[in-house]
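Protein sequences, first through last, are from chains U and P. The first sequence runs contiguously to residue 371 in this note's numbering. The second sequence runs contiguously to residue 1267 in this note's numbering.
Keep in mind the hints are simulated off the structure, nothing from the lab. Please note that the accuracy of each hint is not assured.
Simulated crosslink set (SDA-like; lysine to any residue; CA at most 20 angstroms straight-line) [stated by the list, open to error]: (1) U/330 with P/1088; (2) U/332 with P/1082; (3) P/1195 with P/1210; (4) U/324 with P/1137.
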Amino acid sequence: MAIIRYLGFLVFFLSGLAFAEPVLIKELSQPAEIKLAPNFTLPDLQDKPFSNQQFIGKVVILHIWATWCEPCRQEMPILEQLQQQFPQLVILGIAEDSKASVEQFLKQTPLSFPILIDQYGKLLRDYKIKGFPTTYLIDKKGFLVNVAVGTIDWHDSKIINKINILSDK
Amino acid sequence: MKISNKIIVLSVLTGLSSNNSFALGECGFACCLAGAATSGVTLAQNFGLSMQYEKMDMTTIRNGRNKISPDEAINRHWKPGSSYSIPTNMKMEKLTFIGALPINERWQMLGMLPYIRNNMDMRNKSSMGMVMDMKMDTLEGIGDATLMGLYTAYTDAPIRPTERLTLGIGLKTPTGKSDERNSKGSFIHAMMQAGSGSWDGLFSLNYMKAFYPLVLQGNLFYHLTTKGKEGYEFGDQLGYDLSARYQTGDYVNLGLEINGIHAFKDKDHDGKFTRLTSMPDTPDYTGLDSIFLSPTLQVKIPNSNGSIDFKYQRPIYQKVHGYQQVVDSRWQLSVTWGF
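Isolated chain P (complex conformation) (with noise of 0.2 angstroms):
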């Protein structure tokens, strides 16, 4: 028998795989958790497949709302005989993979691994007060895995319901580096870690309203953080999205989602990872609040439970806490496929 929710799960799943420690940051979890209703990964009779691409492009420095440039950021920070380091540019890569199963007709499990890459470019202003960029070493590894189960509290109907009450539970687990360190001995910035080394809570409530062929769902996110083994805590993080998704062909669904994001700020509990003269490193400079807006496309492969998702967001409003390198840009690539 055939299990099916057309539901919001790949909205879960594409903020649930971001275990990558800077993008619980701005994005993290809650990032693109909307826009995940005709998602064929829980379409499947007896389970599905995705692989999902996803990278995000960091270059703009705000404090508070204010853009600031790099040289400004690092002038406002800089003291003679101390040296000051701000990022110039962050790129993240994340390869997820995930697992959907369903357990009953209410029930459904999935499961996600990330592999992550990231690269950061430094500028740095020494004690003397000579200016040089740096290239950091790419850090890449297995992320933080995450199990999540999704139920079906309400729907009008099994199969392409109008109306539907989701409640979602997870937990992230620590499976991810969270202790990488540079060549010198020092912690690598938490925010570049592949892990977070901190099982975390994850809950979320969907709800989705059809009047096919228009899909509209509200989703809620809240990303439960608690300390990680080396003593640093990211901030708990809310994430809210609206989507909408218009099937315009026989095999083409357009969307846009708007998805928002509030991020407490983070605890360094021992210090390990705190160093006041790099603006990555210090704890005050977190926390924040981000709007994005979110094109999508879903092209479905014909005569397959298949599909190919792609999803551009940009975004609309940030506001941070201290001075803070935030996202420009990000992208989402994925193929599903149900059996």
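Here chain U stands alone, though its shape is the one from the complex (with noise of 0.2 angstroms):
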């Protein structure tokens, strides 16, 4: 029927929408307003507490993911990277997700960076986040200073100079 080979192409062509490589983002934006990031605790798989306000001093990178999002899965191998070439570096993988299911993506993808467990969502609600994989750069002072909301390419230049340059401030 016409119909159902209309809509198998339909399905065909968003899929292969779907499952088109992301593309990546060069370039980290401003937020409208320069703020102090908002206070949070979370914990990490062993259920230490993070914080913050006790990397105040320390440049951050705010990572919210998702271990159902595969375009954040593919993105954790290349933060590791990062955080091996800049050991001074803060990362903090903020997962909308449970436990479990970090531990299950952890065997397969093993991060020496904190991975910190939103399950649901406090983090998301007071940050506004409105897309995954978000990335928020934090200065020594604790302040926003940069945004990106999806996939960052991590070996660009402008955005090592901008952590490099957040570094030495």
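Take each chain as given, in its own frame, and dock them per the hints.
Below is the structure:
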């Protein structure tokens, strides 16, 4: 039937779009207003609490992601490379997931930076997160100075320069 | 940018997908409206797709609130010299393809296209008093497609909100056939047709309140019907639903819904479908009130934006105008994927 063929084509076409490679962000935006990062305290996988307050004085990459988000999963190993390249950088992965889901993911993709669990989305609400992944760059004074929604090209020189500039301040 | 709306959409979708004419009588658009809070179809970054299978069994005949047997239903209507027919069993199946597309932070568009298959067994008492059971031909085909816009009037957060108010407005189109005839050339029962032949308006209001891991919702839905091209107008419907869904495990949500519907009487403006010697073809025997209790189960597919949903419905209250065959049970299975 023509309608079935049409539907089949539509599903095929849309699936093609869905599995297309994500476009990498090469430049971080500034938020509409530079504000202090809202305070949060979230547990890691060992239930140890982490707060943004304990990282004042350091540059922080706050990366909000989820194990069910395919572009997020692809980006995590790149973030691990970034952490290895810049050990003084604080990277916090905020997972909108259960502990079990993250543990399962880490078996295949080990990460050295902390993964904090925000299973019911408290941080997502406080930060008004609109999509996955979302990445904030937080300066040494705790201000949200840059934001990106989508997968970032962490090898891009502009991004690395930005991190270096914040680290040197 | 991902625009995610963890909202009521599947409830609207499951209700809207019920373009089956008979289903308009008891379940229609409003049935199963609740319980879509965690539907993956609206979590999509770019779009969401869902495929839903639904099966409805109808055996019980009611007069008002009372259950009566098929033979009693026939005998109350049959007169010597005239025949009378009643449905003894109806099975209605539907496979619906659903797409959801975020337009911006507040608007989302939904499209639904059902494929319907209906089976009906009937019992006839002839003018001479002979009783015979008959199996009608299976009627199947594309149903009425629906487009709906959902507007987030208020939310406290784009993702994982604790509160959200959503308004919906839509249009049911007459893509399904509504003029199928039997071998004698008469129109097949309006309720059995794949489509209604009419352009109808759809309106919804949904409120969600979350106390994670518990999500509560209330829904109101109004289906404003118009006259179909063959002159048959199904009665308007008002649906109301309450649902509670609880995340019991990492991948499992359990839920419970109460789904209510008030259906107004149909009108056969041109008299093409009315046959007073047949219970399902008597417009006076349309319109009802029903309330269903519906346990639900959702299983999320690990490391993906996919989920499988299951819902089972049983009526806990039914009151009909005249004599009608009513829904005894209904179940739905859907697979949803967000991209």
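These are the hints, each one checked on the structure:
no.	hint	result
1	U/330 with P/1088	10 angstroms, holds
2	U/332 with P/1082	15 angstroms, holds
3	P/1195 with P/1210	10 angstroms, holds
4	U/324 with P/1137	14 angstroms, holds
Comparing the model with each numbered hint stated earlier shows that all of them hold.
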